[in-house]
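Here the protein sequences line up with chains A, B, C and D, keeping their order. Everything in the first sequence is counted per numbering that gives the first Met the number 0, starting at 0 for the first residue and increasing by one. Everything in the second sequence is counted per numbering that gives the first Met the number 0, starting at 0 for the first residue and increasing by one. Everything in the third sequence is counted per numbering that gives the first Met the number 0, starting at 0 for the first residue and increasing by one. Everything in the fourth sequence is counted per numbering that gives the first Met the number 0, starting at 0 for the first residue and increasing by one.
Be careful, since some hints might not be right.
With a straight-line cut-off of 30 Å between C-alpha atoms, the simulated BS3-like cross-links for lysine-lysine are [claimed, not checked]:
id, chain 1, residue 1, chain 2, residue 2
1, A, Lys49, A, Lys7
2, A, Lys7, A, Lys50
3, D, Lys87, B, Lys49
4, A, Lys87, D, Lys72
5, B, Lys49, C, Lys49
6, B, Lys72, C, Lys70
7, C, Lys7, A, Lys49
8, A, Lys49, D, Lys87
9, C, Lys50, C, Lys70
10, D, Lys70, A, Lys70
11, B, Lys72, C, Lys87
12, D, Lys7, A, Lys7
13, C, Lys50, B, Lys49
14, D, Lys87, A, Lys72
15, C, Lys70, A, Lys70
16, C, Lys70, C, Lys49
17, D, Lys87, B, Lys87
18, C, Lys7, B, Lys7
19, B, Lys70, C, Lys70
20, C, Lys87, B, Lys7
21, B, Lys50, C, Lys49
22, B, Lys50, C, Lys72
23, C, Lys87, D, Lys70
24, D, Lys87, B, Lys7
25, C, Lys49, D, Lys50
26, C, Lys49, A, Lys50
27, A, Lys72, D, Lys49
28, C, Lys49, D, Lys7
29, B, Lys50, D, Lys50
30, B, Lys70, C, Lys7
31, C, Lys49, A, Lys7
32, D, Lys87, A, Lys87
33, C, Lys49, B, Lys72
34, A, Lys87, B, Lys50
35, B, Lys49, D, Lys50
For the record, the hints were derived by calculation from the structure and aren't laboratory data.
There are 4 protein chains.
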Amino acid sequence: MRGYYEDKDEVLSRLRRIEGQTRGLQRMVENDEYCIDILTQITAASNALKKVAVSLLDDHIRHCVVEQTEKDKDMVREATAAIGRLIKA
Amino acid sequence: MRGYYEDKDEVLSRLRRIEGQTRGLQRMVENDEYCIDILTQITAASNALKKVAVSLLDDHIRHCVVEQTEKDKDMVREATAAIGRLIKA
Amino acid sequence: MRGYYEDKDEVLSRLRRIEGQTRGLQRMVENDEYCIDILTQITAASNALKKVAVSLLDDHIRHCVVEQTEKDKDMVREATAAIGRLIKA
Amino acid sequence: MRGYYEDKDEVLSRLRRIEGQTRGLQRMVENDEYCIDILTQITAASNALKKVAVSLLDDHIRHCVVEQTEKDKDMVREATAAIGRLIKA
């Protein structure tokens, strides 16, 4: 069983939004829209991808921890939050 | 006239590949593929998006420079290369 | 003449703060402080470094633009802001 | 007991090198060295900081895993490697 199973629908709907963003980017380039606006959209898509990554990682690490005490769960939550901030640093 | 005009086809085909990657990611999640493999694909898509961004920026900054001497062009190339390394740092 | 000349004192004082942060990190490791707290400090130092980079870039690109009309200045400001968001993406 | 204990000397010597890099950056700014060269140094320091972060994370996650089978260790190694690539993406 895969770690991200619980959030599968959530992850899928986020990925569909990102797919939509990449299609929007193609339209912007085709219509010669302003470079800086395109960069803003790229930044948004890139941030959205990293959010998906952090949520997958959270589930994955959670499943590495065999003993599921409350303290273990807190440690994983805390570690994933730190990774999330680092990825954005 | 927009800065990225010259590379428009190149930029569009890169964005289409990224769109394909985001569809591939949805299939991977639907098929419960291994989390780490999905993360690897997310990393690839994120890198591809940043490459598009750096190439748009390169064109944009080039168009900010009014006097197009060889030295100006070198300065822009150099600045964009530095930005590219920084974005990956 | 170098581009960042105007903000030299500001840049230097930011770099001194970052140097202080790296010394603080060494103390934290020596005292066996909690890993997540150390990661938070690393994230802060990394963000501070990128802020210095974006401010140097802003000055540098500004000096690439020969004609200093108000519109040119706006374009540079806008481009640098986009780069800053991208670097954090 | 803290997770990074085993690599403490290694982590400390890396942090000392990064402190040296931030002092070098101050000298470069004081001597009005070329902006792009300074950006290259900032990129190097930022990469070095992230390497320290990933190595601390590796130890931390390893200590979250209670059962230390070979398979567990492989999973942690794999997860940390994926995080490292993502942080650079």
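What are the numbers of the hints that this structure violates, sorted from low to high?
-> Going through the list in order, the structure violates hints 7, 12, 15, 18, 23 and 31 and respects the others.
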